[in-house]
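S.K.: Protein chains in written order, with the working numbering: chain A, 483 to 937; chain B, 3 to 294.
Source of the hints: derived by calculation from the structure; they are not laboratory data. Some hints could be false.
Unchecked claim - Derived lysine-lysine pairs resembling PhoX-like cross-links, with alpha carbons at most 20 angstroms apart:
1) A:K711 - A:K721
2) A:K920 - B:K126
3) A:K586 - B:K142
What the hints assert, rightly or not - Partial list, computed: chain A residues near chain B (C-beta under 8 angstroms):
4) A899
5) D912
6) A914
A virtual CB, placed ideally from N, CA and C, is assigned to each residue, including glycine.
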Amino acid sequence: MSDYRNGLGKGVVSVLFATLLGTAGVAYADTTLTIGTVNNADMVRMQALSSEYEKTHPGVHLNWVVLEENTLRQRLTTDIATHGGQFDVITIGAYEAPLWGAQKWLKPLDNLPADYDINDIFKNVREQLTVDNHLYALPFYAEASITYFRTDLFAKANLTMPAEPTWDQIRGFAQKLHDPDHGVYGICLRGKAGWGENMALLGTVVNSFGGRWFDEQWHPQIDTPEWHKAVNFYVDLLKHYGPPGPSDNGFNENLALFASGKCAMWVDASVGGGTVTDPKESKVVGNVGFARSPHEVTDRGSSWLWVWSLAIPDSTKQPDAAREFILWATSKPYLKMVAEKYGAQATPPGTRESTYANAGYIGAAPFAQVTYDSLKAVDPSHPTLKPVPYKGIQIVSIPEFQAVATLVGREIAGALAGRGNVDKLLHTADAAVSRTMKRAGYYDQKPVISKEPPK
Amino acid sequence: MSARIRKRPERLLAQPAIIMLLVWMIVPLAMTLYFSTQYYNLLYPGKSAFVGLENFAYFFTYPSFWTSILNTIILVGSVLVVTVVGGVLISVLVDETFPGQGIVRMLLISPFFIMPTVAALVWKNLLMNPVSGFLAWLWKLFGATPVNWFADWPLFSVITVVSWEWLPFAILIFVTALQSLDREQMEAARMDGARGFAIFRYLTLPHLARPIAVVVMVEAIFLLNIFAEIFVTTNGGPGDATTNVPYLVYTQALLEFDVGAASAGGLVAVVLANIMAVFLIRLIGKSLTEKT
């Protein structure tokens, strides 16, 4: 804490100094950038490479605040909403970028240099970070949800995983492969409460069963047959063919379970592919197959899209130095450097066409092709079978979504732990969500908050 | 008259301290009061508006509200019972002199000095973990299936952890109180033919009435605010099985970023604590001031 204050102090002094001299170049002399980021593998690698950046940018020091996802989100949100100015560079997701950009809490990233090659970045991914034709964040890595499965177990049981399975097929496989006496569970799925944990997966399950969060008038659609069917399916699947205590398992827990050979199947973020194919971290290297995320009545919104991206808060005192860093960390040379230092499969995935045009990467990362196909197929503007007023697949692009999905996620995690009945809790949740939306003024004649969906 | 004049400068000298304390208390309280009447979502700072008592209505009708009140009462009540009953029994046990008494007392009191988060982590990962925990190992030793404590018995597990933390406090108070018990009185009772239980019932317990009152009061105030143990072990779940009032307020403020409802919830918690305090002071404070 005191470190960072020191750093900020130094930064302020150097900016003042630069202003006095009137030369922008001096602003970089002895600048400390405070970077808030998530403790995911790809970001930890970025932190490890910070000496490379400091070498090529003399006078710039990088001060890292690396936190677990939920804690970081709380710190960033409170800081940016109160204009605290603690951070110069922040790591945000596909949910925050458009909302915060629309609030003008982030600095727009226009006029990017030609060698950055912005058109190389997936259009889908760019659109998630764009508000009113201004880009507000640059993607660090992007992920879709995919199906991981154990080719050795499938071969032993004489089963074949289709390239695009349905949830019913997945259930059938789970039933045949579930063998807890030998330490193998049919399927591992997220159960830990949270809008970014169980609700991310469940959101895609609901979408593929034909459900939606809201109708066109923003009335919640949770107490509908589609939701009941989807949630009952999910709870039932995990209860019968899942690991014990599924309500404790989030992305990292399931990754550990799958990598230690305890799950026959796993549906989760494609970014886990780097770990399960890494001999140092995985016991199942060479026995992992990859397929598209399961669908059911529709494949719309059956695979999620999430983008971890870097942005500059409007409250920063050193936007130029921050911009320079973001351009570096999302550039082609950075991706190349990671591949050289950590192996091609460790390249931050899902952002650039050039990564997937590289035969070396496709060869080294068996999950690359499925990730690529999934990312290309994702359409956040049309996430569901029935029309909706929002953008985003496993997320709804409104500020109330965190509250709403946190509540629903908590109730469903409770049902997963055997507390409460799914049909009853969906009914309660629907009423609670309706109340939240009413409170935020979505049903008023003169709304407190604009009814218009964000552009 | 002259006495009052003499006191005036002293009073003036005391003013800065009093004003400091008042400001310390009133400014946050006033801000909480103000925010509790606003629709203020941290993600929508520009859209704040006066909404009157809507935040309170919202907080009271939140699906987990009654569960959280019930959980708070069960949590505080159970821990009080465990620490007072257990504390009295253990302190009577270690009151008799035996070899190693000093060390045993030291060990009994030491859990109190461990930080709540650390204690919770130790219980969660080293003792109650269903795969690698000590209890799981013990269960397997006897051929039983290990229990997934925090998922299947969440509130019970939290009560266990909190009781373990607060039992030493009760023991500390009771052991000191027992040392002031008149030994001659005990001897006289024995000569009159009183046996162990009668001595405990008619001498020790009445003697401990005041310390028990103190323990109940102090613990109740702290136990109403239990947060760290829940945050570390169960995150209020599964579902809302271990959500108490402070945790519910946290959920509103930092998971839903709804400052208005969280402030209203905070005020509700303050009122609840005050009701409890008034009730306890009336009930127990009287026994403290009464001459026995």
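S.K.: Does each hint hold? Answer for all of them.
M.R.: Now for the hints, and whether the structure bears them out:
1. A:K711 - A:K721: Measuring from Cα to Cα gives roughly 15 angstroms; hence the hint holds.
2. A:K920 - B:K126: It is violated: about 40 angstroms lies between the C-alpha atoms, which goes past 20 angstroms.
3. A:K586 - B:K142: This hinted pair is violated, its Cα atoms lying about 58 angstroms apart.
4. A899: Given a least distance of 3 angstroms, the restraint on A899 (chain A) holds.
5. D912: Hint violated; D912 (chain A) Cβ to chain B Cβ min 11 angstroms, cut 8 angstroms.
6. A914: 5 angstroms, holds
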